[in-house]
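Q: Listed below are the residues making up each chain.
Protein chains: 2
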Amino acid sequence: MTESDIETTNRFEPRFDVSGLITAVCVDAAGGEVLMVAHMNAESLAMTRETGFAHFWSRSRQMLWKKGESSGHVLRLVEMLVDCDQDCLVLRVEANGPACHTNARTCFYRKVTPDGLLQRG
Amino acid sequence: MTESDIETTNRFEPRFDVSGLITAVCVDAAGGEVLMVAHMNAESLAMTRETGFAHFWSRSRQMLWKKGESSGHVLRLVEMLVDCDQDCLVLRVEANGPACHTNARTCFYRKVTPDGLLQRG
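The listed protein sequences correspond, in order, to chains A and B. Start counting at 1 in the first sequence, then tack on 2, and there's your number in the working numbering. Start counting at 1 in the second sequence, then tack on 2, and there's your number in the working numbering.
Treat the hints as calculated values from the structure; they're not laboratory data. One thing to keep in mind: the hints can contain errors.
Same chains, same label: a pair holds when it works inside one copy or across any pair of copies.
In silico DMTMM-like pairs for lysine to aspartate or glutamate, Cα to Cα no more than 25 angstroms straight-line [unchecked claim]: (1) Lys113 - Asp30; (2) Lys113 - Glu96; (3) Lys68 - Glu52; (4) Lys68 - Glu5; (5) Lys113 - Glu35; (6) Lys68 - Asp89; (7) Lys68 - Glu45; (8) Lys68 - Asp117; (9) Lys68 - Asp19; (10) Lys113 - Asp7; (11) Lys113 - Glu9; (12) Lys68 - Asp30; (13) Lys113 - Glu52; (14) Lys68 - Glu15; (15) Lys68 - Glu81; (16) Lys113 - Asp87; (17) Lys113 - Asp19.
With the sequences and hints as input, model every part of the structure.
A: Printed below as a string of C-alpha cells:
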C-alpha cells in the first residue's frame with residue numbers, strides 16, 4: 003500500500019517497527035485520561051483482540067505479558083483506534099484498579115515544571 | 003538512579019531509547035482526546051520546552067520539525083507529564099487546527115472492528 007492508501011484503507015494493517023513492536027497508548031474509556039503507554043508485538047496484539055484484555059511485550063524482560071496478570075489490575079478493552087499511518091494504537095480501556103505498577107491511577111502522575119522539576123499531580 | 007528512584011524523584015531525567023528518542027503523546031488540553039503520537043530527541047524536547055510549541059524528530063526524514071511549521075497547525079504546550087519510568091511523555095496541548103496531516107482533528111480517526119476492519123469515527 004502507498005502512504006495515502008494506508009491513511010484511507012478500511013483494512014487494519016498495523017505497521018510494526020524494526021523491533022517488531024507497535025506503541026499502544028491506553029486511555030480511560032470513561033474519562034479519556036492517558037493511563038499508560040506500552041508496546042505490543044504481533045502476538046500481544048492478537049491476544050489483546052482475542053481475549054479483550056490488554057497484553058503487551060516487555061522490552062526489558064523480553065516476554066509477552068498480560069497487564070494485571072499478577073496484580074489483578076487488568077485493562078479491559080473497550081475500543082481500539084489506529085492512527086493515520088497505522089504505526090500507533092490507542093486502547094480505550096476500563097481499568098480494574100491502578101494502571102501504574104507504583105499503584106498510581108495513571109503512570110503519568112508527575113508534571114514537568116518549567117524549571118525542570120517534577121511535581122506530583 | 004535506581005528504578006525506584008526514577009519513579010519517585012522530582013528531577014526530570016528523560017530516558018531516551020537506543021535511537022535517542024522518547025515517545026510523546028499529544029492530548030487535547032481541554033477535552034483530553036489523544037491527537038497524535040510522535041517522537042522527540044533531546045533537541046526537539048528542549049525546543050518544545052523553550053518555545054512552548056511542540057517540536058519532534060522525524061524518523062523518516064531524519065530531521066527536527068516544528069509541528070505545524072508549514073500548515074500553521076501548531077500545538078501549543080499547556081503542560082507536560084512524564085511517566086513512572088521517565089521514558090514517555092504526555093503533552094497537554096492546544097491545537098491550532100487539525101492535528102493530523104490528513105486534516106482530521108486527530109490522527110486516531112479510525113477504530114479497529116472485531117473483524118479487523120477500520121471504521122471512521
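Q: With reference to the structure, classify each hint as holding or not holding.
A: A quick look at each hint next to the structure:
For the identical chains of this complex, lysine 113 and aspartate 30 are neighbours both inside a copy (19 angstroms) and across copies (16 angstroms), given an alpha-carbon limit of 25 angstroms. Taking the closest pair of Cα atoms, lysine 113 and glutamate 96 come within 25 angstroms of each other both inside a single copy (24 angstroms) and across two copies (17 angstroms). For a Cα distance limit of 25 angstroms, the shortest separation of lysine 68 from glutamate 52 inside one copy, 12 angstroms, qualifies, whereas the shortest one across copies, 39 angstroms, does not. Taking the shortest alpha-carbon separations for lysine 68 and glutamate 5, only the inter-copy value of 21 angstroms comes in at or below 25 angstroms, while the best intra-copy value is 32 angstroms.
In this homomeric assembly, lysine 113 and glutamate 35 come within 25 angstroms of each other (Cα to Cα) both inside a single copy, at 14 angstroms, and across copies, at 18 angstroms. In this homomeric assembly, lysine 68 and aspartate 89 come within 25 angstroms of each other (Cα to Cα) both inside a single copy, at 21 angstroms, and across copies, at 20 angstroms. For a Cα distance limit of 25 angstroms, the shortest separation of lysine 68 from glutamate 45 inside one copy, 11 angstroms, qualifies, whereas the shortest one across copies, 35 angstroms, does not. Taking CA atoms no more than 25 angstroms apart as the test, lysine 68 paired with aspartate 117 passes between copies only; the shortest distance there is 22 angstroms, against 37 angstroms inside one copy.
Taking the shortest Cα distances, lysine 68 and aspartate 19 sit within 25 angstroms of each other both inside one copy (21 angstroms) and across copies (23 angstroms). With identical chains, the CA atoms of lysine 113 and aspartate 7 are at most 25 angstroms apart between copies only, with a shortest distance of 16 angstroms across copies and 38 angstroms within one. In the homo-oligomer, the alpha carbons of lysine 113 and glutamate 9 lie at most 25 angstroms apart only across protomers (12 angstroms), although the nearest pairing inside one protomer, at 33 angstroms, exceeds that limit. When the C-alpha separation of lysine 68 and aspartate 30 is checked against a cutoff of 25 angstroms, the pair qualifies only within one copy, where the shortest distance is 17 angstroms, while the shortest distance between copies is 29 angstroms.
Taking CA atoms no more than 25 angstroms apart as the test, lysine 113 paired with glutamate 52 passes between copies only; the shortest distance there is 16 angstroms, against 35 angstroms inside one copy. Taking the closest pair of Cα atoms, lysine 68 and glutamate 15 come within 25 angstroms of each other only inside a single copy of the chain (23 angstroms); across copies the shortest separation is 28 angstroms, beyond that limit. Only within a single protomer do lysine 68 and glutamate 81 lie at most 25 angstroms apart by alpha-carbon distance; the minimum there is 17 angstroms, versus 31 angstroms between protomers. When the C-alpha separation of lysine 113 and aspartate 87 is checked against a cutoff of 25 angstroms, the pair qualifies only between copies, where the shortest distance is 13 angstroms, while the shortest distance within a copy is 29 angstroms.
In this homomeric assembly, lysine 113 and aspartate 19 come within 25 angstroms of each other (Cα to Cα) only across copies, at 21 angstroms, whereas the closest approach inside a single copy is 29 angstroms.
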